[in-house]
Each structure stands twice: as structure tokens, then as C-alpha cells.
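Just so you know, the sequences run in chain order S and H. Be aware that the first sequence starts at 1, since it is given in my numbering, and climbs by one per residue. Be aware that the second sequence starts at 1001, since it is given in my numbering, and climbs by one per residue.
Mixed in with the good hints, there may be bad ones.
[Stated by the list, open to error] Under the rule of at most 27 angstroms between Cα atoms (straight-line distance), these lysine-lysine pairs were calculated in the DSS-like manner:
no., chain 1, residue 1, chain 2, residue 2
1, S, K103, H, K1096
2, S, K23, H, K1043
3, H, K1096, H, K1155
Bear in mind the hints are in silico, worked out from the structure with no lab data behind them. It should be emphasised that the depicted structure is a prediction, and the values quoted were computed from it without experimental measurement.
Number of protein chains: 2
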Amino acid sequence: MPLRLDSADTDFEQRFSDLLAGKREASQEVGDVVAGIIADVRKRGDEAVVELTNRFDKADVSAQTLRFTPEEIAAASARVTPEVRAALQTAHDRIKAHHEKQKPVDHVYTDDIGVTLGSRWTAVDAVGIYVPGGLASYPSSVLMNAVPAHVAGVKRIAMVVPTPNGHYSPAILAAAEIAGVTEIYRIGGAQAVAALAYGTATIPRVDKVVGPGNAYVAAAKRQVFGQVGIDMIAGPSEVLVIADGSANPAWVAADLIAQAEHGGGAQSILVTTDPGLADAVAAEVDRQLSLLPKQSIAREGWEEFGAIITVDSLDIATELANRIASEHVELAVDDPQSLVPAIRHAGAIFLGHHTPEAIGDYVGGSNHVLPTARSARFASGLGVLDFVKRTSILGCTPSSLSALADAAVTIAEVEALDGHGRSISIRLNR
Amino acid sequence: MPLRLDSADTDFEQRFSDLLAGKREASQEVGDVVAGIIADVRKRGDEAVVELTNRFDKADVSAQTLRFTPEEIAAASARVTPEVRAALQTAHDRIKAHHEKQKPVDHVYTDDIGVTLGSRWTAVDAVGIYVPGGLASYPSSVLMNAVPAHVAGVKRIAMVVPTPNGHYSPAILAAAEIAGVTEIYRIGGAQAVAALAYGTATIPRVDKVVGPGNAYVAAAKRQVFGQVGIDMIAGPSEVLVIADGSANPAWVAADLIAQAEHGGGAQSILVTTDPGLADAVAAEVDRQLSLLPKQSIAREGWEEFGAIITVDSLDIATELANRIASEHVELAVDDPQSLVPAIRHAGAIFLGHHTPEAIGDYVGGSNHVLPTARSARFASGLGVLDFVKRTSILGCTPSSLSALADAAVTIAEVEALDGHGRSISIRLNR
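Take the sequences, apply the hints, and build the full model.
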């Protein structure tokens, strides 16, 4: 049974806080192991990468076969049906079109005393994309990571994907081909992150590493941060559905199940003003789960981490939404636009009854890499801004430098940085 | 003696690579100590913070005196001279005016098939600003961190500053007052970062922690990343001056010294097309160093980490600049604007002979918190974007959902996520 709460209950605050604080991931203490792997890859390069890959992935690679050949990519991609290829192409084109609108513009201006100020944006030179192998191996994620990088103008995109027992997904390579990614290595785990961050003879280092992965990958990204940039540390996926009496219980139930089927701690929460809907959705989840081919993961996830919360008003619903700060927030209400301004913390908002979260996972055009585990309080979904960086521009004329000099020299003195002050005063004709 | 290189030398590539790879910071293995401190603060809250503060800072605080009172802030601030207050106010106003122009705008649109797509920006609720105590205690840094947060719309800004032996800088508290920061705790180190990230009875948790600090602070930020957002991990400061024959050797020397006086691994590099200027600058640095009141730090930094590189053309200079990816790049050349497009990786660019880097440290208006240690390859300086986050908006109509359904369901099938496909198909009237 999923958790059932009502915001009017006397113990609501405590139980809701417990729900927020609940850990949904087994925290693995892998930091030391990962530190050892990174040190090994830095020291022995390809030799370490090959050895660790063959050990952990039960693979049989050498430095010569670490990288997929163009022929291997083409052959794998050819095994994908025309329908799948067309669907991935549709997804690609829509993601590209939307992300084109995210490109930041340079802005340089001169202020009233003649100082030139501004921001100039440039692309990261080289990006590494981590793609998980095995069960959670998603071609859509290849597109969601590679397309914004391409749109940003990244010149080199290197992809890594582990091939446990030598197996790999044709759809992953097809998605890479559609996204124009041609540099693909059959490696994974902390060793892949280390190779991308520090480089080996076969794998030139990149400037930033993005993409989801298991606890080892997450720990490796945390440790190489600074040597390279990283995106977020991804946790289990989650959805919050806010529904009023206008919602269709079967549709809401389907969305809760879609999230729960990710497993690994994925969480589905319904907050509704309608107790009748709450009951109907609970029954529908049970009914639909029994019809789902692989129902065990979704059922376990729903029963362990799911929650249905009844509230007295949509105001309370949006207040709870801000405290949950969910990766995905669906507004299954009569007037979704009216709730948007009140929701301050959410990775993505899905408007109205005809926008299931899954459409955003694939072909909506927005990015499905979104902040999890309440990090929407401070983080954004992946986008073009993750693959560019801003350089400040500052330029003084003799007169504007003169106008600012006294204040600058005064602060330099307070900070006991005489050299700073002198670098200004030496330029003044006083 | 600083390093002298010429790009035409046969061993240049090797020696330049060595310069890039050179470590300028003693890497301290503090991860385990910091992990222990964070665990202690999470478990014992204020008690741990007080105990660690009294031990490490040789202070005498209790939970009741952790926070500066309004009277203490006012009294400290009153000890600052009117000149300093005016200079800090000038800096504040210029930083504010510039950062106002960085505020991102929401963009929501409807595409050709009727899908609503967009980005909405909201402020982080609560931010913690770490301000170092002791030697490198800079009021300008208070402004550079607090002002962008205020401009972004952050409602709560909590500042922490250690008070070794009970001492603190009046100018730091004056800068906080000018920036409107009133929640200030006399704590530092990993325990301050842990308190901000996880909260204690006295110190409510924040959503993001920014600001520079020592190796313990850096390690703590790395470890709490995910629980809260963090800004960059700051390394030693650095400047790259690109100069042609039009540069004034005394001015260039003053800028190299200003950077070197930060100590702690700070690095000053001159790249010039004019061998005569190279010699003149080297002589000027020696001459000016001997006139600097506290010359030992600057001299040691210049001799240990400084470099003068002569090149045959400004093209080679900008190419080296991109490989160095310096925090600060000064263009001490006749036509600085002409070089800007070629410089892809830099925290900030300073245009022309009358823009010493120090003006940007204080009153230029741009932010002085910039990416160090070659991280300008992938990171930006601090700005308003660091204190906001983007929520994606997606909305389908019945007809646009229908138009996209087949592609989405096809990808869901390839990814073996049947529940995803069903959440879409259940909404179709087919």
C-alpha cells in the first residue's frame, strides 16, 4: 500500500516531513574504491581502462577495440527497425528545435561613465556523455545529452557506454548516429569517467562529463569535478501529480505507474483536492498494474515509495509541491496555467490532462534530464547553458579608470593588497 | 626567477605543457576528516558546530552567540571610515547595476503542432555565503557573492565567517550591511558548510552554498553537493597578460605583481610578441617589488609560478591563452577588441592598457568570482544565473498529443517501459 495522507490530519506535518526525508537510494560507500580506480587510470591509462573493463563488464576488449568502429556503429544501427529510427529522428528534431531557442546571446554595453561591460558566451570544446549499459539503457537519453551539446556548438562529443558481457543496444548506437555522435567507447563505470576526465592514449580528455550512472559513476563524477565540469548527480526519478476533480483517474494512474516502473527508488506522488479521485486513482493503479506485462518493479515502487495526499485546496497542493521540489510536476487540473506561478521549485511542469510526463521523456522537445531528489530547489534541467560558458568583458577608458580609481584603491588598502592599488594608481596622470 | 619561454624554442611544447600541468596547490587529503565533521554536525547539530568552532577557531561561542546580533553588526560597521564605506557603496552599486542586466527572461511559446514549450526562471529560496576569515578576508567578496543573489531574488541570504581568536573584520560586516545581509554566523570551516547544508536548531538549512575557502571548505562543498547546490571549487588566482609593443612595461609589471601578491599559488603569466617588452617587464617587476611594503609573498609567487613567454604573433598568443584558460586575461595591446573573438576560454577579459585586472576586483561592476585552474574551459564566473533555476514547461493539446503519440510509444517500447507507452495511449481516442 502506498502512503495515504490528508493535510488536515493532526500528524500530517510529521508524516509529510518523514516522506520528504525518506531515503530512496541505498547509499553505497564507494568513494574509496572509486578514488583507487581514478588513480589507476591516471597512472596506467589505457592499460587500466582495459583491465577494469574486462573485469567489471566481463568484456574482452583491448586498447585497439575500445572504440566502436564506424562499421560496427553502422551495422548495429541497421538492426533498428524503420519505425524506431523514424521515432528517434522525430525526437531528435523536436529536441533540437526547442534547444535552439535556449542559446544565450552575448551582451556588451558601455555604461554612463564609459566603462565597457558585458558577457560573451562560448561553447565547451569537448564533452563526454556517459550512457548506462544494461537494463536502464535508453536511446532517448543519448539524444537528450548529445543534442543540447551540438546546439551549443561543442566541437567534440565522446560517448561511453559499457557493454556487459559484450552486449550493447542497437538503438543506443542508432540514436548516437542520428545525433551525429561518432566517437563511442565501450567502457563504463568509474574507469570511463576517469578516462574522459584525464584522458588516455586512446581516449583524449574532455572538458565536461555529463550523463546518469550508478553509484560508482556518481562518485567518480563527484571526484573529478574541478578537473572537468559535470552536470548534476542524478537520483531516482519522481513525479508529482496535482489533480482536481476534473482529472481522469485512469490517466492519472497510468502516469503514476509510468514513473514507478523505473524502479530503483522511483517515486510517484498524487496530491488531490478530491478524496473521491484519490480512491479512484488508487483502485485504477491496482487494476492497471495487474495488466502491465512486467508489473513487479512498478508495483514494488508504488507500494514502497508511492503516496496519495488529499488536501483542502489547490493552494495547499502547490505549497506541498514547493516543499517536494519534484523532478516532474503534472498539473491534471481544470486550469493548469493558473497554478504555474505558484510552483517555484520543479524540474519540469506538465500542463493539463493531455500532457503525460512520458511525452516529455521522448518527443515533447524539452529535456528529460532534470533535477531529482529535491534538487530542483537549486538546479535546472540539462540544456544548452550546460555546454557553454560565459566570459566577462571589462574595458576602461583613461577617464573612466580615473573616475573609479579612488574607490578601488581604498578597497585595496582595506584588503591589504597594496599591489592591487598600485596597479591602478600607476596608470593615473595625477 | 620566473620561467622564460619562447614559442619558437624546440623544447617549447614540452615546457609549456609542464607549465600547464604544474600543481600550484598543496593537495591536502582532508576528505575523511571533513566527512567526519559533516556527519558530526548532522548528528549533533549546534552542539557539534559550537564545539568544533571553539576548537578550530580558538573561539568562545555558544549556540546563543553563534549569530552576530544587529548591535554587533552596527558597531563593527561603524568602525569603518567614511571613505571605505563610500568605496564599498560605489562597488555595491556598480555590481548591482551590471548584474541586473544578467537576469534571464522566461520564454514560453507554442510550436507549429500546438505544443506549448518553454523555460521559466525562479530564484533559489535560501543561499549560504562562505566568507573566509583571517588573512584573505575580503569585503569585496561579500559584495560579489551577495549582490547577484539579491538581484536574482533570493529571499534569504545567510553568511558565515570564522572569527579566529574571536577577531573579525569590521569591513566584512560593513560590506554585509551595505549588501543587506543581516543573518551572519561566526563560524567557518567544514562545520560551517555542513551547518548551512543540513541545518541545525540555530542555523536553518539553505539550498545553495557559495564562496571560497581553504581545503577543508572545498572538500566540504564537494561532499554536500547534491544535498545543496554549490558554486565552483576555487583555486589560486591567476592572470595572463597578452601584450604587444604598445604596452607600458611598468603597468604590465604592476598587474603581474598584483596577481602574485595573493600568494597561495597565485600565478602571473606574460605572453608578448615583443622580446624587448619582455625584458623591460622583467626588470620592472623586480624594481616595483622592491618598493612594495609587503613584497615577500608577491616575490615568492612571481619567482615560483610566474612566466614570461615570447611569441612570434598575437595568433600564437591567443592560442596559448586558450590552452591556459586563465581566470583573468588582460589584452594590453593596441587593438584589444580584435583579439577578443579568438579567446574562447577565459573567466574574464580586460580590454586595453587602461583596464588593470584590479579594477574588476572591486568597482568595475563585473563579478570577481571567476573560474580558476583552467576551469574556464567549462565554467563561468559567478552571476545571477547561479542563484536562479529553470523549470521546463510542456503542454499538449489533444491533437498535438495525438500527433506525437506514435513516436513516443515506439521509443517507450524500445526502452521496455510499457507503462510509459500506456500513459500516452490511454489518452487517445483511437
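Taken at face value, is the distance from the CA of H/K1096 to the CA of S/K103 at most 27 angstroms? Answer holds: S/K103 to H/K1096 is near 24 angstroms, not above 27 angstroms.
Run the distance test for S/K23 versus H/K1043: straight-line Cα separation, threshold 27 angstroms. holds (16 angstroms)
If you draw a straight line from the CA of H/K1096 to the CA of H/K1155, is it 27 angstroms or shorter? It holds: about 16 angstroms lies between the C-alpha atoms, which stays within 27 angstroms.
Every hint from the earlier list agrees with this structure, and none is contradicted.
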